[in-house]
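Novice: Please take these sequences and the hints and turn them into a complete structure.
10 protein chains.
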Amino acid sequence: MAIAEITDKLLAAKKAKGVTFADLESAVGRDEVWIASVIYRQASASEEEAKKIVTALGLGPEYAEPLMECPLKGSLDQTIPTDPLIYRFYEIMQVYGMPIKAVVHEKFGDGIMSAIDFTLDVEKEEDPKGDRVKIVMSGKFLPYKKW
Amino acid sequence: MAIAEITDKLLAAKKAKGVTFADLESAVGRDEVWIASVIYRQASASEEEAKKIVTALGLGPEYAEPLMECPLKGSLDQTIPTDPLIYRFYEIMQVYGMPIKAVVHEKFGDGIMSAIDFTLDVEKEEDPKGDRVKIVMSGKFLPYKKW
Amino acid sequence: MAIAEITDKLLAAKKAKGVTFADLESAVGRDEVWIASVIYRQASASEEEAKKIVTALGLGPEYAEPLMECPLKGSLDQTIPTDPLIYRFYEIMQVYGMPIKAVVHEKFGDGIMSAIDFTLDVEKEEDPKGDRVKIVMSGKFLPYKKW
Amino acid sequence: MAIAEITDKLLAAKKAKGVTFADLESAVGRDEVWIASVIYRQASASEEEAKKIVTALGLGPEYAEPLMECPLKGSLDQTIPTDPLIYRFYEIMQVYGMPIKAVVHEKFGDGIMSAIDFTLDVEKEEDPKGDRVKIVMSGKFLPYKKW
Amino acid sequence: MAIAEITDKLLAAKKAKGVTFADLESAVGRDEVWIASVIYRQASASEEEAKKIVTALGLGPEYAEPLMECPLKGSLDQTIPTDPLIYRFYEIMQVYGMPIKAVVHEKFGDGIMSAIDFTLDVEKEEDPKGDRVKIVMSGKFLPYKKW
Amino acid sequence: MAIAEITDKLLAAKKAKGVTFADLESAVGRDEVWIASVIYRQASASEEEAKKIVTALGLGPEYAEPLMECPLKGSLDQTIPTDPLIYRFYEIMQVYGMPIKAVVHEKFGDGIMSAIDFTLDVEKEEDPKGDRVKIVMSGKFLPYKKW
Amino acid sequence: MAIAEITDKLLAAKKAKGVTFADLESAVGRDEVWIASVIYRQASASEEEAKKIVTALGLGPEYAEPLMECPLKGSLDQTIPTDPLIYRFYEIMQVYGMPIKAVVHEKFGDGIMSAIDFTLDVEKEEDPKGDRVKIVMSGKFLPYKKW
Amino acid sequence: MAIAEITDKLLAAKKAKGVTFADLESAVGRDEVWIASVIYRQASASEEEAKKIVTALGLGPEYAEPLMECPLKGSLDQTIPTDPLIYRFYEIMQVYGMPIKAVVHEKFGDGIMSAIDFTLDVEKEEDPKGDRVKIVMSGKFLPYKKW
Amino acid sequence: MAIAEITDKLLAAKKAKGVTFADLESAVGRDEVWIASVIYRQASASEEEAKKIVTALGLGPEYAEPLMECPLKGSLDQTIPTDPLIYRFYEIMQVYGMPIKAVVHEKFGDGIMSAIDFTLDVEKEEDPKGDRVKIVMSGKFLPYKKW
Amino acid sequence: MAIAEITDKLLAAKKAKGVTFADLESAVGRDEVWIASVIYRQASASEEEAKKIVTALGLGPEYAEPLMECPLKGSLDQTIPTDPLIYRFYEIMQVYGMPIKAVVHEKFGDGIMSAIDFTLDVEKEEDPKGDRVKIVMSGKFLPYKKW
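Residue numbers (my numbering), protein chains in the order written: chain A, 880 to 1026; chain B, 880 to 1026; chain C, 880 to 1026; chain D, 880 to 1026; chain E, 880 to 1026; chain F, 880 to 1026; chain G, 880 to 1026; chain H, 880 to 1026; chain I, 880 to 1026; chain J, 880 to 1026.
No false leads were slipped in.
If we take Cβ atoms under 7 Å as the criterion, some of the chain A residues that face chain I in the derived model are:
no.	residue
1	ILE959
2	THR961
3	PRO963
4	GLU970
5	GLN973
Here are the simulated distance ranges between beta carbons:
no.	chain 1	residue 1	chain 2	residue 2	range
6	J	ALA891	F	LEU890	34 to 42 Å
7	G	ASP887	B	ASP956	25 to 33 Å
8	J	LYS894	G	ASP887	49 to 57 Å
9	D	ASP902	C	ALA901	37 to 45 Å
10	H	LYS894	F	ALA906	25 to 33 Å
Sample of chain A residues with no beta-carbon within 12 Å of chain J, all distances over it, derived:
no.	residue
11	LYS930
12	THR934
13	GLY939
14	ASP1000
15	LYS1025
Hints are computed from structural coordinates only; laboratory data are not their basis. In this text, a Cβ means the ideal position worked out from N, Cα and C, and glycines have one as well.
Specialist: This is how it looks when you write it as structure tokens:
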């Protein structure tokens, strides 16, 4: 993966300083997944947000500007990713894609869940049989426009 | 898409009888997405579940058996699906895959979210600015075994 | 291309009756491109719209129902289409994709042009040096949500 | 994306000087999308145009020459682009490709919309329900020659 | 290859009647390659041309109509064709593509050779060292429009 | 495209000295397309030819040797090239591949047009309706050997 | 694999009659691999050869004609074949392709081994350590033409 | 192609010293194709063989060690190679793959020709009608084990 | 997946009769995975084995013959299979491929594990923390031949 | 293959010091395949394990930290690997994938073998007919959750 130079810089600073994404969430007032997306250059921050991020990482303000640019998005090199953690999302789309489509259309009519007016949270659910990863996606339903 | 014959039969019966996935949820005692997965031959039902599904659709018990087989999974024809609703899940994986990976590893260590010991709910969130599709995934965290 | 059966039926009726897409536009009160999308099963019609379409084609009301279903979208067999007319749109995306992205971000900020809250018109521009095809797309700008 | 060196230079100068594509449009007397295409090395400028562009960006005339070369076109790395803004054009081609083909052939006969004798404008449509991106393409209709 | 039904019909009639493409050229007044393109559904004929073709093949006028439709073009199943005769054209593009591009741009400036306002002849050159296949392509040069 | 270093050197010299491919044709006594192929490392020159080429470009004899090596051929990065000028040759193969195959077999029997015992000329045809690019290919017909 | 209908017919007759490819070699006076190629529709036979083949298989002369047509060649469905016996040839090309290229160019100069003026034999070499498959290919060397 | 550094070194030494693969065959006592495979890092040499190779090329013993490593094999960048000489082997597999499979199974039963217990020779056959490239492959027949 | 007709027949008989693969193992005297491979047409049986299989499934001897043919192997439609159970083997190859290669070369030298002189067992390991699937592969080590 | 820098460092140290994977197994108290996976950055070590590995290789503790990071997994460049040793695992999946699936489902019901709660051993089986590579995989069976 061709990780952007700024991403490498910030991740190294984050590691060196021992800052977690949760710490960044507190410092910036935005969700940790969104902040990780900014760092991986999948989302763009406002000047204020960018400065808070680099400050929290102990970096000077000159690192803020690249975080404000609208990035060319898509963080993966491969059409079908080989990393097992990421692949599982491909598998979920393959296995549950049609069932989800059927249920969404029944509940909402013809349209889609927006991936732009969209939030995604990652939570840890403690469970005696083994902790669980909970992922909550919320996307605005966009009905197809007719013209 | 090569929809299985049994899937076509059941969807036609469902439409003819005006049964919703939510009705099936009530009748079977399982989540509607899981039931849709059984109908699209992405999951296998027990004999009791299969019979409840076909009965609720007004079909005879001979339709239950194909729902009990372990299917060859993967409901999509295309590596990158063209249907906009389904594609958005590919986009989410592409854009948020690395950020999610970073957050999950930080919270849980090296491992993955299971897509087998896994549940997925689709909910409608009413919102004055436009209703939202809420998708909740919960998968057991599987730490990498060392040996 | 695996054209849906209903599409073949409607196109045959359209040809037999000598109805143009422009005639359908008048009869249905919707744009001809949208109506063509319904016929090619890329968009779903309301019951009233579906009935107007099949009536205008001289077909009985039993042909209306398939037009009301939410289709599995994506009308092309090939990742990169070979048909020269359709390929040109791929070429435009390849050649002008980055310039458009730069201009849109400059005018609107980070976000996309919706392909769902979206209209597309095809017009004939008479020109002494050779008529021109004018295509006007209008999609709602969707700014990336932060969370 | 392997952005050409000259592109990086010009974009950096543009950013440093705070020049917009609209400013370049005024300075050069050409549309901003076309100018962006020259900068992204998808189109070639005349000597005069190239000089106007680099001057407007505050750069010396030695930067003009690379803009005059006929570039190897195609600005994207991926067959199906992952960037959501650019992908939407792929989606439009997939969903509306066949309907557009049907309408164009009905209006013009057998042939294509040229992507060479072609212009493309990006406009902002203010709209109380959310601003819209308007894209207007105009390509000469090229009828198939018979021989 | 999914050869169209009408193509199979016409080729069978051609074989049964012992008509050559050269005979068709004489009968129709169009080049044999163009006529073969019509038969393989890569080009569309006028009513008069279509009738001449089917008559020359000893078929009734009801076979003329499918030849008048604007076909979905692209006669090959494979991205890189395996048939050795056809593959050689892929090889020529791969090996000589860049040199041709360099020479065309030097002679004509930025633009392309049209594949629409285009003719293609296949000739047999007798040669004592072995006959040669001569292919002559002539396409209108289309300069890139600036706007 | 990973252009060979020697290619870049020679093209830069050619541009600096203002030499055209036609000039090279005169100086070397070989066709300009073949010379461009040598420069793009798709063909190999004899020592004499290589020396004439580098001399004509004002370069020392040490540049001649790389032109004499048998190159790994194939000048394009992409399976389906995105550059519009080069793509048109792919389109011609897709659209006219089967018709050409049919005509060649009828004229010559089973076999192929050689792409090795092969020449290719690019000519400018002046035409009041717009100049045309004429490409003449001549390849030895190779009949399939039986054994 | 979409085996041609005629191939299935002939292979069934061959099996029913217990004829080996070696028997066909004797009956037709051509190598068994070439005859297998005719049967798999990868090569075309003369009328006399075709008749000898079908006669040797105990079939009527009406089966001869399809063997005389110039087939669309390429007998495999997959770009990289999965069948282990056939895949090994892909592996040989991958592993030994560059070494063979180096040796051929050193022995012959720039050019290729023809796959058209070409023969291929399969022989059984008895060996106490395990019999060996011997494959002998002989293709005319074709030097690149200069022009 | 990402040629290994050691390969480039050895090929340069080979060229500078004017050593042929045939010379290496004499010096090392192994076939020239195998030696070329070692140089292209597709095969691994013993210490003695490696030293003989580098000595014959006039290089110091420090170049021997990389030739002794088990390489990651597969010498081509592309799934379907574009180089015409190498492509012909792909074509042979495509065209003659099924016929060879049929003949091998008939002669040997179910199993494959090994590409590991395998030798490959390249010979020049002088022929008044044009010299021929003769390639002899010999691979142990491996019958499928049953268990 | 295009399951062979004979496979469907046998699987239906197996289900109808309630025969397990373990039962077939007892009846045939071969491992159940190998028998499943014969049924899925990935391996070929002797006449005696084939008859035992069909007899154990309660079918007549006419079903035995197709099981004796050498099949075209490769049981999956997709390059990267979507079925989660089968995909895990792709994942294992991706993640552990290089480590396995390193260990095998260290233990055995340059060569491979045969997939032909090869056996594969599937066993159930009872485990209080959850049963485990144990897969044991045993393939003859094939050292690379030098020549 | 883009081998990570740390991997190259460790493999060089391992070679220089003459340490085998078996030696590392003794030193670290983990299986050699798992240790190789850590070195190839497919698995992450604890601090203690990482230090033991680098110490055993004679390297300073500063090399331990990169081995503790959760890597982006997938060690191969190619979708279908060309290296013969690694490819055989792809072949096994292709040929035995469906039979394994059938047997696993029969023994365990619907679910998969985990590739995360998973171990893999490589052993050398001495055999007078040729040593064998034995690979033992053990993965927890994960039944599909219903919800």
